[in-house]
Amino acid sequence: MADAANATSAGGILLVFAVVVPVIGMLALLMLRLLGLSRAAPVALVAIAGGTAVAFATAYLVIGTQSALVYVVGGWAPPLGLALRADGLSAVMMAMAAVIICGIALYARPQFDAPDEAPEGRRAFAFWALLLGLWSALNLVLVGEDLFNLFVALELLTFAAVPLVCLDGRAETLEAALRYLVFALVGSVLYLLGTAILYGQYGTLDIGLIHDVARPDLPTHAAVALMIGGLMAKAALFPLHLWLPPAHAGAPAPASAVLSALVVKAPFFIILRLWFDVLPGPSAIVAANLLALLGAAAILVCSVVALRQERLKLMIAYSTVAQIGYLFLMFPLTVVPGVPPWETIGWTGGALQLISHAFAKAAMFLAAGLIYEALGHDRMDDLAGAGRAVPVSLFAFGLAGLSLMGLPPSGGFIAKLLLLNAATLAGAWWIAIVISIGGLLAAGYVTRVLKRAMAAPAAAIHTQPVARSRELAALFLALCAVALGLVPLQPFGLFAIGRSVMP
Amino acid sequence: MSFAGLLLAATLLTPLLMVAACVLPRFRARVFDLLALAPLPGLATALLAPGGSLVLAPSPLRIVLALDFPGAMLLGGSALLWTTAGFYARSYMPEQAGRAGFSIWWLLTLAGSFGVFVVADMTSFYLMFSLVSLAAYGLVVEEGSARAERAGFFYMVLALLGEAFLLFGFVLMATAGPAGNPLISEAVAALPASPWRDATIVLLILGFGLKMGLVPLHVWMPLAHPVAPMPASAALSGIVVKAGVIGLIRFLPFGQPLAEWGTVLIALGLFTAYYAVAVGITQQHPKTVLAYSTVSQMGFVAGVIGAGLAIGDAGAPLLAAYYALHHMLVKGALFLGVGVAAATGTGRQRLVMIVMGVMALSLAGLPFTSGALAKFAAKGPLGDGLAGTLATLSAVGSALLMLHFLRLLAGASKAAPDATAPIGLRLPWLATALASILVGWALFAPATGYAPSLPLAPDKLWAALWPILAGGALAAALIRWGARLPQIPEGDVVVLAERCAPAVLAIGSGAEALDRALRQWPVAGIALLAIVLAFAGALGVSR
Chain A
19 MADAANATSA GGILLVFAVV VPVIGMLALL MLRLLGLSRA APVALVAIAG
69 GTAVAFATAY LVIGTQSALV YVVGGWAPPL GLALRADGLS AVMMAMAAVI
119 ICGIALYARP QFDAPDEAPE GRRAFAFWAL LLGLWSALNL VLVGEDLFNL
169 FVALELLTFA AVPLVCLDGR AETLEAALRY LVFALVGSVL YLLGTAILYG
219 QYGTLDIGLI HDVARPDLPT HAAVALMIGG LMAKAALFPL HLWLPPAHAG
269 APAPASAVLS ALVVKAPFFI ILRLWFDVLP GPSAIVAANL LALLGAAAIL
319 VCSVVALRQE RLKLMIAYST VAQIGYLFLM FPLTVVPGVP PWETIGWTGG
369 ALQLISHAFA KAAMFLAAGL IYEALGHDRM DDLAGAGRAV PVSLFAFGLA
419 GLSLMGLPPS GGFIAKLLLL NAATLAGAWW IAIVISIGGL LAAGYVTRVL
469 KRAMAAPAAA IHTQPVARSR ELAALFLALC AVALGLVPLQ PFGLFAIGRS
519 VMP
Chain B
149 MSFAGLLLAA TLLTPLLMVA ACVLPRFRAR VFDLLALAPL PGLATALLAP
199 GGSLVLAPSP LRIVLALDFP GAMLLGGSAL LWTTAGFYAR SYMPEQAGRA
249 GFSIWWLLTL AGSFGVFVVA DMTSFYLMFS LVSLAAYGLV VEEGSARAER
299 AGFFYMVLAL LGEAFLLFGF VLMATAGPAG NPLISEAVAA LPASPWRDAT
349 IVLLILGFGL KMGLVPLHVW MPLAHPVAPM PASAALSGIV VKAGVIGLIR
399 FLPFGQPLAE WGTVLIALGL FTAYYAVAVG ITQQHPKTVL AYSTVSQMGF
449 VAGVIGAGLA IGDAGAPLLA AYYALHHMLV KGALFLGVGV AAATGTGRQR
499 LVMIVMGVMA LSLAGLPFTS GALAKFAAKG PLGDGLAGTL ATLSAVGSAL
549 LMLHFLRLLA GASKAAPDAT APIGLRLPWL ATALASILVG WALFAPATGY
599 APSLPLAPDK LWAALWPILA GGALAAALIR WGARLPQIPE GDVVVLAERC
649 APAVLAIGSG AEALDRALRQ WPVAGIALLA IVLAFAGALG VSR
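Keeping their order, the protein sequence lines are chains A and B. The first sequence begins at 19 in the working numbering and counts up one residue at a time. The second sequence begins at 149 in the working numbering and counts up one residue at a time.
Here chain A stands alone, though its shape is the one from the complex (with noise of 0.2 Å):
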């Protein structure tokens, strides 16, 4: 590994802000009384515009130099101390998740709103509580260069979702929690104990150390299988999804934003660093058409189950199951002799469906949960009537449909395009073809809800009316996931900065 990745870089510090700050902004809520507050929400606002700061700037210094920015803990180098470390690809996704961090306080704040001696007290401060904690976990996850330290990451994060899940209290709730919890924990077991193996092996957690010394040889495949496998289930890839549908489609709006759009991605995030950094050799492409034959998979069967939701929520549910089969089909498209992995097309394509998969859903659940608050349910059978009521939330809901689908103008389409233009080029027609059925299948779902929700209702239907800021929220997400799509058409040098020094 270069020197240069050894010392921390110039803004190097900012890693260690965006993990801190969301968490300083915790305490200050822990603090609430002291600091003679009330309400969690003002407060919460003031560390996410502050975490967003950071994001940003790291965003800009990673975009402006060219390089990933690096910190080394107390100055002490792996194998002794730890690094932290922001390439191109994590900085984007800093910067989507602060966005979309941003978008749902906006929503969430006159849900959340109650001050802290009111009986809905508790639940706002939870709410806000686990949100930064939630951020600074899934920061921690996109800046770590030490395996152990990821697992510490995802610990947390699963921790923040976990409560998340289970808000109102409800029984249905606590169980699909419950499920979330303990699949997620077998997940981090089967992780730990590669983890362990690896240890054993090598001496080092440090990702950069591993892969200068890493041996093609048993005990680093069964350590790499077991961790992604124990990651694979963190991240709901079909069929290990038993979790996902009951947890998201039951979390309150907001809540069930932050989980699809970005709790999801952290395991999706390791897998990558496991597979390109952590593998020795050459990729292989056996256990890369593996995955990506499972990300089929959930592509097809989780689309059909969506398109026979009978609630709005579950169908979102089972189309971020299928979304995430996209996902892993970017593994074998990056096989290129001769490319590294992130100059290929594929690579692109895979990292511009991850953030507009994020921005799309977001906006998705988000306006979900206002026509569910305007009608009081949301069923699919009585969606009749939602355009009038709350025509923007539908908007956003459609906007957002549009990149699920992959029609233009989304960052989904160009994502697609560009999976497809790797499937081309890789001879791959199986995954063009599974690509195209997933975008006919997700345009079936997508209006269904839409033609649904713009018919006129056949009595007079009561709804409750809601706040318009909530509504420009969902639909601020869903355009950020439009204008993706303006994205030119070429592998883009972004999502490469940094890597080239993990040869």
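For the record, the hints were derived by calculation from the structure and aren't laboratory data. Just so we're clear, the structure is a prediction, and the values are computed from it rather than from any experiment. There's no promise every hint is true.
Facing chain B, according to a computed beta carbon distance under 7 Å, are these residues of chain A, among others [as the list claims (entries may be wrong)]:
| id | residue |
| --- | --- |
| 1 | V304 |
| 2 | A305 |
| 3 | H395 |
Every residue gets a Cβ at the ideal spot worked out from N, C-alpha and C, and that includes glycine.
Use these hints to put chain B onto chain A, whose structure you have.
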């Protein structure tokens, strides 16, 4: 920005800005009355800016507008029809709350239909093609009835299928051609040398042929075109199907002969032309007959394009566009005329029937009409062989189908015996009918290169007339023995597709059952274990 560039931008932006302005409630209330104004910049562009181009966004986005001659003809014709149909809609559509929603779909379809004629880069073309395809859905289901719902369902499913074919085809072209977002012409230039040439051409024919209604992908058309409100039917049948024509014109490589693919397209097109006539004469609703006539006519156009492809005739696209322009205005006038005839009493029908008779037989090539000119011009690439003969004989079928239509139309009056249609319906209709003849003659020489006196020679007049006489004889036979024909439902083979519904539902419940099984704890646990083992094995064997 040049003047031509400014006009090109205004062509697309005017309808889109009108849609955006619908956010304002005051504009929203009035937008319906302004529909006829939206296409006017497009009309001006077609007249003043052929040859112009505009780079809206530089590389790497590279959004480029350009107006070539085929594009200008179709843009001008569609702008004319959108204008007259917009005026017609004002009288035709009753006062009701839903008119603003209808207007938005109308404007989006309009913008997309202009877009496919004027954009020059691949991504923008796909965007515009999607826009015109998907926005037209709103026009199809406007009526809100169960019949419209069913038509809308098949329209949407097939439109999305077409999008998927096209997207894949475009990706293959882009992968084989220059990187980034190439101009259509650059990508087509690279197509003959592409390793995926045949797959690309198949996907393009499927995608664009679906929009044109080539059998068996035509099923949506006889369902969708008749259920829309009259002015929207005119736009759907006249204009929206031309997105497929311009697609084939722009995307197929005409530079060198591609005999096999040309022959495939000729066969597909001519089969469609005959098939639609055969089914059309069993239909009992004038608008449905017109929809089948569109299927048949588009089959003919596909035949012309296929002939050009087979012999590598770079002039064939222009002739196909000229034919499409003729069909656009004539079919528009016919649909608008159905509404006029319905509002005209039996006592006052004569003038209406004469005009409709001329328009209807124009589709069969009646001398002096645009149809005679278009069919005369199309003989060039089709030649004198089997294809040429079959194409000539298809005029007999068109005449038969159109006489059947006229007979249905004469009995379709819903008004009091001495009623006349409102002037707001009659004027746009007559203007469209007149325009079809004037535009046909005005563009004959520039589009085809023939002298205008050529189709007026006695032998040519006879060549145009005899198929109509033959069609008349067949029509007489149809009246005599027509009752023995089987009753074929609208959309013919769609009924077979509907029989597959239980199988499709079974796939759905199968997926649900699979999902339920996989979400059991023991199953998920075993799956996790199996995946880890399989993955470790896969990593091992890869070395």
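Hints, one by one, checked against the model:
1. Look at V304 of chain A: its Cβ gets to within about 4 Å of chain B, closer than 7 Å, so that hint holds up.
2. Interface restraint check: A305 of chain A against chain B, minimum CB-CB distance 4 Å, threshold 7 Å, status holds.
3. A distance limit of 7 Å between C-beta atoms decides the matter here; for H395 of chain A the minimum to chain B is near 22 Å, and the interface restraint is violated.
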